[in-house]
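Starting from the known structure of chain A, fit chain B onto it as the hints suggest.
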Amino acid sequence: MTAAPDGAPQEHPSWLWRNPDPKPSYDVVIIGAGGHGLATAYYLAAEHGITNVAVVERGWLAGGNMARNTTIIRSNYLWDASAGIYEHSLKRWEGLAEALDYDILFSQRGVLNLAHTLQDVREGIRRVNANRLNGIDAEWLDPQQVADVCPIVDISPDTRYPVLGATYQPRGGIAKHDHVAWAFARAADAMGVDLVQNCEVTGIDVDRGRVAGLRTSRGPITAGKVALCAAGHSSVLAGMAGLRLPIQSHPLQALVSELLEPVHPCVVMSNAVHVYVSQAHKGELVMGAGVDAYISYAQRGSVHTIERQMSAALELFPIFARAHVLRTWAGIVDVSPDASPILGLTPVEHLYVNCGWGTGGFKATPGAGSVYAHTIASDAPHPLNAPFSLERFTTGALVDEHGAAAVAH
Amino acid sequence: MLSVPCPWCGPRDETEFSYGGQAHVAHPAEPDALSDHEWSDYLFVRDNPRGPFAERWCHSAGCRRWFNAVRDTVTHSFLAVYRIGDPVPEIS
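Those protein sequences? They're chains A and B, same order as listed. Reminder that position 336 of the first sequence reads as 336 in our numbering, one-by-one numbering, no gaps. Reminder that position 62 of the second sequence reads as 62 in our numbering, one-by-one numbering, no gaps.
Chain A extracted, bound-state conformation:
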């Protein structure tokens, strides 16, 4: 272990990246050093040889939604376009620790999506069939099979919303979000990417329809290309370039319990009762709620949302009754009209957008990063993100994933 540059105590781990001042000019500037921004920078350098790149971040690296999500990874979405991009991402996850030479604690422990109504059952079976046609692992489980996979779920018929079955994706799971960010950051930094923290973008300069550069709290930066990667703040940034996005920003809350012995073997999600639960490697139960109804940039939500989510969790998992909440928090998520992302070109030349992942962007981190890097490098969408263009809201070719995404994206 080496000493930190500023002489911090030896116990502190080595810095994984430099902390440079911004240069006056870059080929590409990515706005937002969350998972998607860092992954995009990494793939720009690793797969396209573009290393004169900065990732500018208003706060600190991976301190926004990357620090606030519930780390669920799966690819069992309904439509072909979604299967393409989410399964691409899941395949990247499967080789990511090796590619980045960093343990990201990726654990393919399986994801259950519970059905509580006849409509849930029909839709779940339809989705299993659609997934299989797209080569994605998916099974339909009856209640007893649900209990075989996850014994702590109450499958008795006398609960308020009985479990009628579940879709099951065995290759789904979780990863350690901080490690994912650090792994991408370290690898991108090693290839020459500047990760510039405490650098708030205050303006985007557009010259004759083409992006020219940024104004930031740490001075102006000229940029050949600018890539937005700011989740809940995408509308604010796009507005600086004169664009309006079909995005609404909402708080999304989550919570953890204190550390417990391993009791929960997989990931359980339920759209009908608005809860999703897994158990982190350290032992906390990690649970997420639905979005708060109102528009907000405050990174906090209303307590009744957490209360409802907890009552749903208790109904499903009576064993959680004595667990204590350790902390709750909220992130600001970017909700699109069709519950699918917006990833591609914009009407401003050399300005790119990656947003609209709403409540489910974490799972797409490596997949979105790689196709976004392709889009930026070639100034044209990759076939996997072509269906997720901004134009789809004009052409009408929406990718409606409300069923597969819903609360538990």
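Just so you know, these hints were derived from the structure itself, not from any lab. Think of the CB as a built atom: it goes at the ideal place given N, C-alpha and C, for glycine as much as any other residue. The reader is advised that the hints may include incorrect statements.
Chain A is nowhere near these chain B residues, computed Cβ spacing over 10 Å in every case [to be verified]:
(1) 9
(2) 10
(3) 29
(4) 79
(5) 87
(6) 88
Covered stretches of chain A, as calculated for chain B (at least 3 residues, CB under 8 Å) [to be verified]:
(7) 250 to 261
(8) 289 to 298
For chain B alone, coordinates are given in the frame of chain A:
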């Protein structure tokens, strides 16, 4: 939880209300005359500001009436409430 100042019932818990999104979005007078882009704008694009926002609320578990409010999306404080049909009040 937000305390929502219903103009008829006074401040009540957020759980009594439903949220209606951006206020003052009028249905186009001549939908046929709109281009695809303008129609898309009307259907899908809403303001999403960081700061004061004019929005609709309905006191659905109370007086069941709709009203408009200006609320700050960063502080969550209600800066004004006013009747449907009235213009956005000046916020000092």
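The hints, checked one at a time:
1. 9: Non-interface label stands for residue 9 of chain B: nearest chain A Cβ at 18 Å, farther than 10 Å.
2. 10: holds (19 Å)
3. 29: Residue 29 of chain B is indeed farther than 10 Å from all Cβ atoms of chain A, at 21 Å.
4. 79: holds (14 Å)
5. 87: At roughly 21 Å from the nearest Cβ of chain A, residue 87 of chain B sits farther out than 10 Å, so the non-interface label holds.
6. 88: Non-interface label on residue 88 of chain B holds, nearest chain A Cβ at 16 Å vs cutoff 10 Å.
7. 250 to 261: violated (count 0)
8. 289 to 298: With 6 residues in contact (Cβ-Cβ under 8 Å with chain B), the coverage given for the stretch 289 to 298 of chain A holds.
Hint check: a violation occurs at hint 7 only; the rest are consistent with the structure.
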